[in-house]
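> So the protein lines, in turn, are chains G and F.
The first sequence begins at 1 in the numbering used here and counts up one residue at a time.
The second sequence begins at 1 in the numbering used here and counts up one residue at a time.
If you are wondering where the hints come from, they were derived from the structure by calculation, not from laboratory data.
This one's a predicted model, so the numbers in the text were calculated from it and none came from an experiment.
Here a beta-carbon is modelled for each residue, glycine too, at the ideal position from N, C-alpha and C.
Here's a subset of chain G near chain F, in silico, CB distances under 10 Å, partners left out:
| # | residue |
| --- | --- |
| 1 | P11 |
| 2 | I16 |
| 3 | C72 |
| 4 | T74 |
| 5 | Y82 |
| 6 | L104 |
| 7 | R170 |
| 8 | L177 |
| 9 | V178 |
| 10 | L181 |
Covered stretches of chain G, going by a simulated chain F footprint (3 or more residues, C-beta under 8 Å):
| # | segment |
| --- | --- |
| 11 | 31-41 |
| 12 | 182-190 |
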Amino acid sequence: MHWKPSGSPPPAPVKIVIAGGFGVGKTTAVGAISEIAPLRTDSAMTSLAATVDSRAGVPDKTTTTVALDFGCITIDETLRLYLFGTPGQDRFGFMWDDIAVGALGALVIVDTRRMADSYPAVDYFEHIGLPYVVGINLFHGVAAPDPGQVRWALTIADDVPVIAFDARDRYSVRDALVVVLRHTRARAINGVQRN
Amino acid sequence: MLRPYLLTSGRVDASLEIEAQVVATEQGRASYHHLTFERRDIVVLCHAAMSVAEVAARLQYQIGVARVLIADLAASGDVLIRRPDAAPALDVAMIERVIRALEAIR
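Take these sequences, add in the hints, and give me the full structure.
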């Protein structure tokens, strides 16, 4: 069959994950830099939902949906960068694979008043071997905390960058994403093995 | 409420990446009026390339539903899918392109 796209070929997609606890500033960060207004879509527990649908009449309590926030940045005509926010709650970790597999890296946003909320994201990225950077959100106007304390509290390796940034500020978010990409680049060059 | 998976006859295709790009083909644009309404909406929406996630958000489908519908449309030649490259985190030249583009944001 002969067909061709209606315009220029679609750009190659790449993505960065924006992770962290509930209400930590993920959607704010995506919105600060995205070309499109942050979009929200629902993802279901697909395998379970399909199973349930084959049994008519079973209450659909397992068709829980979870909102996924994202935005995008055009790099050039052939490349488009997506930012995907992980769902805030741990119990939605099941869909993190969808978001994280094939990503360039991740920014884990931390609120220093609720440090423990960041543990699941840090654990997950360590587990799958995805390069990540910890970004302390100064959104709440607190004094910049000591990155060393955050590093200690999260028990992360010395080579994982810890930065402070403002999720509301376009340039601050841009700089945080650049740190993520430089970290990924360094790991690629150094040939760090992924799990 | 229409149960989402009725739209896809209960089929689930989890393989299509949420960032994969979808764009209507000439065939799709010429014949979309023959498609069922939910498939037609996708072809009309994708006159410019957008991600699977974006299609789902704009048409208010669950991601899993959008995946199956888009996979069907690709199989029938009505849309073209551009999937992500393998192992982009190891592609240093591409990562540097992204860094330069971000640094150019003003």
